[in-house]
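Based on these hints, arrange chain R on the given structure of chain E.
Going line by line, the protein sequences match chains E and R. In terms of the working numbering, the first sequence opens at residue 145 and continues consecutively. In terms of the working numbering, the second sequence opens at residue 42 and continues consecutively.
Wrong hints could be hidden among the right ones.
With a Cα cut of at most 27 Å, we get these calculated BS3-like pairs of lysine-lysine [unchecked claim]:
no.	chain 1	residue 1	chain 2	residue 2
1	E	K367	E	K147
2	E	K210	R	K229
3	E	K337	E	K322
4	E	K284	E	K367
5	R	K229	E	K367
Hints are computed from structural coordinates only; laboratory data are not their basis.
Each chain is listed here by its residues.
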Amino acid sequence: MNKALYAAASGMAAQQQELEIISENLSNADVAGFKGAAATFSDIAGPGGSLGTAQIGTHTVFTQGKLMRSGGPFDLAIDGSGFFAVNDEHGNRAYTRDGEFSRAADGTLRNAQGWRLEGVRIPGDALSATVSQDGSVVIKTAKGTATCGRIRLAEFAAPEFLQSAGGTLFFATHASGKPRLIDPGSANGPAVKFGMLERSNVTIIEAMMEILTAQRAYEANAKGVQAADEMMRIADNLSRG
Amino acid sequence: MTAAYHAPMDGIGWAASAMNAARTRLDVAAENLANGSTDGFRKSDVRGFLSLRGVAMRRVRSNEQGPLRRTGRPYDLAIAGSGTFRVRDGAGHVTATRDGAFTRDRFNRLVDDAGRVLLGTRGPICVPDGASIGSDGTISRNGIALNRVALPRGSTVCSGFLEGSNVDAIGEMIDLLTAQRSFEEAQKVLSAIDQTRERANTQVAQMK
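Looking at chain R on its own, in the form it has when it is part of the complex:
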């Protein structure tokens, strides 16, 4: 064999990388399935590719729109399009979320079930009595804009709706099966290589 054909990895390495890749696929499918009822959840997709260390997996967050569900509560907000809600917890940490299940507290602020306050372009968003939330995210009363949910151009806010998780359960079930089968296949290959080597070792030993 010439040096040009020298592979950096042997068969066992390849099979092991395939098993690892299958495990990642399973982990991600299980994570996605677990969040099938998490409003505003964004699923992860895994993409397999070849690298110098064998088969590798790259995780990509899907930005597909989740289904909008009507709830009839005025402070349930859903974003149609891109963008996120910015919420601030008691410790001052700001996080971005697509989950728009808010309730109005006694200071007229919109808070989620974890107690985090929704932020707009002018600080915490307050919705006093008689104010409305427009589809462009503007909170206004009597025609005067009070605050605005910062959103990219073209995105709209739907009041009275929630965005469900964008996880497709059927796709994830297929991924589960795929992961399981490719794991099994890689294990068979690994065992076969192992047996061949074992035979080589024992036969070489017998010849002596």
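Just chain E, with the same shape it has in the complex:
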């Protein structure tokens, strides 16, 4: 019964961890470019059976989010693989799929956290700017149109091994491999969509369904703990008759 007690307790702990991950996903369901996470559980093999379950790890799910038209002046979305490379003022480099940029006073494109998009600086005399599919930034001035810089996308051999820096930012790691900068807009490669944002790949309905499943599983395991406890009580009564 002790074995059952611990197995059921490990199941409750696993469902708790699962719920934490789902709620983290759900709370970011409205964040552009956010990528959900998933946990992997494995049974703990013991002599002649399993001793319960344990989480062996989590991974970020890099499936494409839906693209939506948005109102921002410098909203960008990636249709396909790859990341925007962004820098902070200390020269740190991060990678993101969140393309919600705005034009700063110095002409750079910055996201909400102040990270600067690499490869673009819009001159002060620009009246308007657009970004084409291949990432080139086209500005309109009083003198006519001109190209000022090109957005390149970073690709990784193993994006799942990027380290999450909170929210939608990721750092390169040894396991993810070095970033490879590619030009968007080629035949089979990714494209940059101007005036659009990539929605989070977390869907609320799916997350709600997962919550329900995890809750029920938690309850079932709690019943397992109760049953083990009840049987121990009965066993205690043996000596009393």
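Leaving out everything else, chain R in the frame of chain E:
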């Protein structure tokens, strides 16, 4: 009483074996329930039978197919049919698993969340850019087969799917209740026999 009717076990022995059997049923039901969210998990069933030592339980691993869940990740693999994935950990131990949640590392190998590498018929499976995983388990690029997930005939690999645990929560809950009740019943029987013996002992003592 003749020798032909001599039982090797008395009532207490029988009741105790029934309590043990109920405990095994509970242990297995709790294990199964705990792994309700473990992808690729295979539940155990217990079968009760009579032996010379009373009621005994045999544990049988169920090979029922678990439900396939769409994930959309290209390196999530699920086996429809029999067979397993062979994965190798850092120490070189090879294990068989039905959990196909793999990610591609920077050497293009498929690894699971515990860092174990998926093995094919030609060593670790590598999926370079542009390669695809066919339903027969063959990894090929431009029509050239690179490696293959070894599977029995008739089994298929579904890329973009995961196989969930084959535990049926309702069945396990029923098993929990059954175990609890039969444990209780056996305990009552044991107590009743115990009381009868106690009475016999005290009454015999009074007669003296």
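Taken at face value, is the distance from the CA of K367 of chain E to the CA of K229 of chain R at most 27 Å?
This hinted pair holds, its Cα atoms lying about 23 Å apart.
Restraint status (C-alpha distance of K337 of chain E to K322 of chain E at most 27 Å)
With a Cα-Cα distance of about 25 Å, the restraint between K337 of chain E and K322 of chain E holds, given a limit of 27 Å.
Verify the proposed pairing of K210 of chain E with K229 of chain R, using a straight-line Cα cut of 27 Å.
violated (62 Å)
Has the given pair, K284 of chain E with K367 of chain E, been kept, meaning a C-alpha gap of at most 27 Å?
violated (68 Å)
Are the Cα atoms of K367 of chain E and K147 of chain E separated by 27 Å or less?
holds (15 Å)
Of the numbered hints given earlier, the model fails hints 2, 4; all others are met.
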